[in-house]
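Enquirer: Top to bottom, those sequences are chains A and B.
So that you can map any letter, position 203 of the first sequence is 210 in my numbering, and since no number is skipped, the others follow by simple counting.
So that you can map any letter, position 126 of the second sequence is 815 in my numbering, and since no number is skipped, the others follow by simple counting.
Source of the hints: derived by calculation from the structure; they are not laboratory data.
A quick note: this is a predicted structure, and the numbers were derived from the prediction, not measured.
Worth double-checking, as some hints may not be accurate.
Heads up, simulated DMTMM-like pairs for lysine to aspartate or glutamate below, C-alpha to C-alpha not over 25 angstroms straight-line [stated by the list, open to error]:
1. Lys76(A) with Asp841(B)
2. Lys125(A) with Glu837(B)
3. Lys859(B) with Asp82(A)
4. Lys139(A) with Glu888(B)
5. Lys196(A) with Asp852(B)
6. Lys76(A) with Asp852(B)
7. Lys855(B) with Asp177(A)
8. Lys741(B) with Asp123(A)
9. Lys740(B) with Asp24(A)
10. Lys165(A) with Glu71(A)
11. Lys151(A) with Glu820(B)
12. Lys861(B) with Asp82(A)
13. Lys86(A) with Asp33(A)
14. Lys855(B) with Asp24(A)
15. Lys96(A) with Asp807(B)
16. Lys86(A) with Asp852(B)
17. Lys55(A) with Glu888(B)
18. Lys165(A) with Asp841(B)
19. Lys96(A) with Asp852(B)
20. Lys192(A) with Asp177(A)
21. Lys861(B) with Asp123(A)
22. Lys741(B) with Asp33(A)
23. Lys145(A) with Glu888(B)
24. Lys165(A) with Glu837(B)
25. Lys740(B) with Asp209(A)
26. Lys855(B) with Asp33(A)
27. Lys25(A) with Glu837(B)
28. Lys145(A) with Glu837(B)
29. Lys55(A) with Glu837(B)
30. Lys76(A) with Glu888(B)
31. Lys744(B) with Asp77(A)
32. Lys151(A) with Asp841(B)
33. Lys145(A) with Asp841(B)
34. Lys96(A) with Asp841(B)
35. Lys861(B) with Asp77(A)
36. Lys861(B) with Glu105(A)
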Amino acid sequence: MSFYTINSLTFSYAKTDKLFQNISFDIDVNQHIGLVGPNGCGKTSLVKLMLGILRPRGGEIYLEGSNIKDISLSDVGKKVGYVFQNPDKQLFCPTVLEQMRFSFTYGSSEPGEDIDDKINYYLKTFDLIQYKNFSPVKLSRGEKQRLALASVLSRNVKFLILDEPSTGLDILRKKELENCLMTLKQEGKGYMIISHEAKFLDKYVDQLLRLRPEGVEYV
Amino acid sequence: MKIDPRTKIIIVFLISSAAVMITELSSLLFLLLLTLILCRLFSVALSGPIKKLRKLLYFLVVLALIQSIFTPGGEVLVTAGGMRILTTAGLETGISIIIRMSVIVFSALIIASAPAMDVVYGLIAMKLPYEIAFMVLLSIKFLPLFREEFADSLTAVQLAGADLVKIPLKQKLSLYSYVLTPSVIKALNRARFISLSMESRGFRAYPDRTSYCKLSMRGMDYVAIIAASAAVLLVVSYNFNIIG
Chain A
8 MSFYTINSLT
18 FSYAKTDKLF
28 QNISFDIDVN
38 QHIGLVGPNG
48 CGKTSLVKLM
58 LGILRPRGGE
68 IYLEGSNIKD
78 ISLSDVGKKV
88 GYVFQNPDKQ
98 LFCPTVLEQM
108 RFSFTYGSSE
118 PGEDIDDKIN
128 YYLKTFDLIQ
138 YKNFSPVKLS
148 RGEKQRLALA
158 SVLSRNVKFL
168 ILDEPSTGLD
178 ILRKKELENC
188 LMTLKQEGKG
198 YMIISHEAKF
208 LDKYVDQLLR
218 LRPEGVEYV
Chain B
690 MKIDPRTKII
700 IVFLISSAAV
710 MITELSSLLF
720 LLLLTLILCR
730 LFSVALSGPI
740 KKLRKLLYFL
750 VVLALIQSIF
760 TPGGEVLVTA
770 GGMRILTTAG
780 LETGISIIIR
790 MSVIVFSALI
800 IASAPAMDVV
810 YGLIAMKLPY
820 EIAFMVLLSI
830 KFLPLFREEF
840 ADSLTAVQLA
850 GADLVKIPLK
860 QKLSLYSYVL
870 TPSVIKALNR
880 ARFISLSMES
890 RGFRAYPDRT
900 SYCKLSMRGM
910 DYVAIIAASA
920 AVLLVVSYNF
930 NIIG
């Protein structure tokens, strides 16, 4: 059974002008996919449908065999980690440390897991340890992006969806992100990355999924 | 036919003032009917807002129920342990609140049916300082902005694994306080950016502001204002027993 099964999916924001129509594809839990397509073709909308944030006009999405419309957002979130395109939308806690701890406090943690060690590791990796008592609102765009990445990567999820994760990162931080992606690969965790950076995708994904209004195709 | 935004502003002012003044349930029902007819005449689509209002209905019913409990008088309809819970007078007060709120919301839709900038030009033409007119526009935009920020934060909270249905009430309350503060900050920041953007384009650089948009009241506007004023006056007179 595939991790994600997308079946004849159709979506539009208005009743007319369909963004995409009848698209079908499967994703395995350990697959590494790049989602590409021109601006405005609906990449982020497709991801929001896959997470259950948006509802499709037609077709179904199955996550581990269950229809996404029957699963709560929190249950989706326990299986799939999502880095938003705009980190401002993802950060809601009063401090950086609380943002990192949130999923472990309100979500789930594995027994015997040393949460503090894990959090400190990712804060150090993304050079955020000195900001741990800062409000995320006061961070720069790049720092917010790093915090969004760190908080999602530190979680125990089976699959990750990263919406333009390298935006706002300098060369050094992009390298750290690349290391994290390598680690995920070694751990056997799958991910899907939306990006316009062909070089970045070439290095870290196994397959490219091209989204067009008339359908999707693996290239 | 294009109606001048001032016509809409005047009519909405008359209706909402009448909604506050009127006390009788039957008069309020007439006013609601008049508001719905005007919405129809101004081609206001009601299906979408009614759907959104349904979410507010629960709040309105609770509000009406509280009002009805604390309003004595009339026949007792429901008692609990010898205490009057609901009386006919209380029920009437509760229903009046729901209708009054509906009148205010539906009448506001008449203004909302005009483009936001037209409303600003209308207010300026009514001799309101342009700074205040733009402030009104920004404050109208602030609420949906805040709602959007709050909804985004709630989505992020749930995707981070927090189940808003299953977690205990105490945790749920602290969670909402978590989300509320950054939502306010983000909405304020966005409002600040809008004002910065306006000022960088010369807003308030001069005491007056010129515009390509020239409003003009036509015969149809005067007819609409006179007809709506007469209808509102009729309902108010009926409420205070001046007629009928």
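Enquirer: So if I understand the rule, the pair passes when the alpha-carbon distance is 25 angstroms or less; does Lys76(A) with Asp852(B) pass?
Expert: Holds, because 16 angstroms separates the two Cα atoms, which is no more than 25 angstroms.
Enquirer: Starting from Lys165(A), check that the Cα of Asp841(B) is at most 25 angstroms away, please.
Expert: Holds - the C-alpha atoms of Asp841(B) and Lys165(A) are around 23 angstroms apart, at most 25 angstroms.
Enquirer: Check the hint pairing Lys125(A) with Glu837(B) against an upper bound of 25 angstroms on the C-alpha distance.
Expert: 32 angstroms, violated
Enquirer: Does Lys855(B) pair with Asp24(A) here, judged by a C-alpha cut-off of 25 angstroms?
Expert: Cα-Cα ~38 angstroms, so violated.
Enquirer: Are the Cα atoms of Lys145(A) and Asp841(B) separated by 25 angstroms or less?
Expert: Holds: Lys145(A) and Asp841(B) sit about 19 angstroms apart, inside 25 angstroms.
Enquirer: With the threshold set at 25 angstroms, check whether the alpha-carbon distance from Lys861(B) to Asp123(A) stays at or below it.
Expert: 24 angstroms, holds
Enquirer: Is the straight-line distance between the alpha-carbon of Lys151(A) and that of Glu820(B) 25 angstroms or less?
Expert: 34 angstroms, violated
Enquirer: Given the hinted pair Lys196(A) and Asp852(B), is their Cα-Cα distance within 25 angstroms?
Expert: 24 angstroms, holds
Enquirer: Given the hinted pair Lys861(B) and Asp82(A), is their alpha-carbon gap at most 25 angstroms?
Expert: 17 angstroms, holds
Enquirer: Are Lys86(A) and Asp33(A) close enough, with their CA atoms no more than 25 angstroms apart?
Expert: 16 angstroms, holds
Enquirer: Below or equal to 25 angstroms on CA atoms is what counts here, so check Lys855(B) against Asp177(A).
Expert: 40 angstroms, violated
Enquirer: Tell me if the straight-line CA distance from Lys740(B) to Asp24(A) falls inside 25 angstroms.
Expert: Roughly 23 angstroms between the alpha carbons, so the hint for Lys740(B) and Asp24(A) holds.
Violated hints, in rising order: 2, 4, 7, 8, 11, 14, 15, 17, 22, 24, 25, 26, 30; the structure is consistent with all others.
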